[in-house]
Amino acid sequence: MTENEIKDKVVEILKPYVRNTDNLGSVSNSTHIITDLEVNSSRLVDVILAFEDEFDIEVSDEEADKVQTIGDAVAMIKAKI
Amino acid sequence: MLKRVVITGLGVVAPGANNVSEFSRLLREGRSAITRQEDMAEAGFNSQVAGSPTGYMENLDQYFTSEELLAVNDLMVLTSRAAIDAWKDAGLEVPDRKSDHVHWDTGAILGTHLGALDTVNTKLLPNVQAGKIRRIGSSAVEQIMLSSLSAKVGGLLALGNQVSTNSSACTTSSEAIIMSYLRIRHGLANRMVAGGAEGRNIFNWAGFDAMRVLSSKFNETPEKASRPLSATAGGFVPGAGAGVVILEDLETAQKRGATIYAEIIGTALNSGGHRMGGSMTAPNPISVQRAITDAVKAAGIKAADIDYINGHFTGTFADPYEIANWSTALQIEPSELPPVNATKSVIGHTLAAAGSIETVGLLTQMKEGFLHASLNAEDLHEKILPYEKSIVRERRDADIRIAAKSSFGFGDVNGVMIFRKFEKQE
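If you read the sequences in order, they're chains S and D.
Residue numbering for the first sequence follows our numbering, beginning at 1 and increasing consecutively.
Residue numbering for the second sequence follows our numbering, beginning at 1 and increasing consecutively.
Please note that the accuracy of each hint is not assured.
What the hints assert, rightly or not - Covered, in the sense of this in silico footprint (three residues per stretch, anywhere, with C-beta under 8 Å from a C-beta of chain D), are these stretches of chain S:
{"id": "1", "region": "15 to 25"}
{"id": "2", "region": "31 to 45"}
What the hints assert, rightly or not - Away from chain S, derived, C-beta distances all over 10 Å, residues of chain D:
{"id": "3", "residue": "R31"}
{"id": "4", "residue": "E67"}
{"id": "5", "residue": "D105"}
{"id": "6", "residue": "I202"}
{"id": "7", "residue": "Q254"}
{"id": "8", "residue": "D379"}
These are calculated hints, taken from the structure and not from any lab test.
We treat Cβ as the ideally placed atom computed from N, Cα and C, and that holds for glycine.
Bound-form chain S, shown alone (with noise of 0.2 Å):
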């Protein structure tokens, strides 16, 4: 799987949880999943279970602490599959 494709995968996986739908269109790497999506930071529970059930992957406690940008998530679920 391409690094561009983990990130669409990663992209439609916070979707329903963005309250900042505006800025959806321009996602990057850089892009931080709760100041600039303004996901809730409680819900990034259930965004790291999601992803384990996608990627067939388990995160720990703390590898999921350090996931804070779209490139973060990214890199952890590549460094995994």
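Given the structure of chain S, go ahead and fit chain D onto it with the hints provided.
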């Protein structure tokens, strides 16, 4: 100085009705909303009929954002629909999610009896038992906390006054209205969103079936199953739904030109202490009579002023006692009791939601000038026969100026409210 408190908005999701106009039509037409429930049959219930609202999970985008929909359950949807409908009915605007305006003068007391047992049993329990705590996800707490319903509505409507959930079994939502009334009456809030809800799931009903207090002899004829006041009543028909009213102090309501349904002129909340015949599951008759006389006294009216009683009548052994308590408390001969009907004959017993849904029904009848038929009461219980003239068995037009509503619950708890139609010149 004590404030006068009026009702300016109504919202409901009931069996057979997803809004106030559908509910009004249901009551007016006297159609039973009780239907057969396959999930009760499959689970081995003795009773296989219920008042089960349908269609309320549709068009949810009118009530929630797609992000909010990820973290709401049945109970929260029922309550939010009724609350937002009531808010709009009161002529108030649903606040923008992005606006920081908070209604500091407005609160909510929204109660439930059994909470979100469906969420507990389908999301929490299996994951805990399987040792998969992480898999519970982030939204379990906000859905299973008992205050889930008031918290959700508080957020949707940007409420800044007291926002809490109460619980007193089947008295719950009447108690919520009464506590909200008192809060406004004492000047602690200008407006309250008040009522209650019970989710639609068989976990809520199973314990009652085990107690053998549900109607189980009419599984093939559901429309006959809910029979308050009847000699052949054999238990209540369980139901689900939500009823919400908007209460305001008179000045606040009049200042913004709100339409006023009625004024709450007297209320009473008490309990029977599980004494004098009362118990966890049966009301102390003296406490019921005291609740009635206290509410009438607070209202400053005479018993003869009451034009209509919307009773608690469930279709259990307690119905003959309730009607006798009304007669005794009001010191009125059985043949002189004001007209009485049982809304549960139409929609079943919606548990925590019963008091507020039936209050919406009472106010709808008051506004539209009719009394709905109490269904399946053709064969009155022998102890209710002396009251026969008062039982409304066919819909009729009625000028209801003062009406009383009673609710009783497990725990030997009682709530009574007296409403007076609001006259424009006041």
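Original post:
Do three or more residues of the region 31 to 45 of chain S come closer than 8 Å to chain D, measuring C-beta to C-beta?
Top reply: holds (count 5)
**OP:** Against chain S, does E67 of chain D hold up as non-interface, every C-beta pair farther apart than 10 Å?
**Re:** 6 Å, violated
**OP:** Grab the minimum beta-carbon distance between I202 of chain D and chain S and tell me whether it stays above 10 Å.
**Re:** Non-interface label stands for I202 of chain D: nearest chain S Cβ at 27 Å, farther than 10 Å.
Original post:
Okay, the region 15 to 25 of chain S and chain D, do three or more residues pass the C-beta test at under 8 Å?
Top reply: With 4 residues closer than 8 Å to chain D, the region 15 to 25 of chain S meets the three-residue bar; holds.
Original post:
Any Cβ of chain S at or closer than 10 Å to Q254 of chain D, or is the non-interface label fine?
Top reply: The assertion about Q254 of chain D holds, with a minimum of 38 Å to chain S.
**OP:** With 10 Å as the threshold, tell me whether D379 of chain D passes as away from chain S on beta-carbon distances.
**Re:** 54 Å, holds
Original post:
Far enough from chain S: is every CB of that chain over 10 Å from the CB of D105 of chain D?
Top reply: Given a closest Cβ separation of 27 Å, the condition holds.
Subject >> Distal placement of R31 of chain D relative to chain S, Cβ over 10 Å >> reply: 39 Å, holds
Checked against the numbered hints given earlier, this structure breaks only hint 4.
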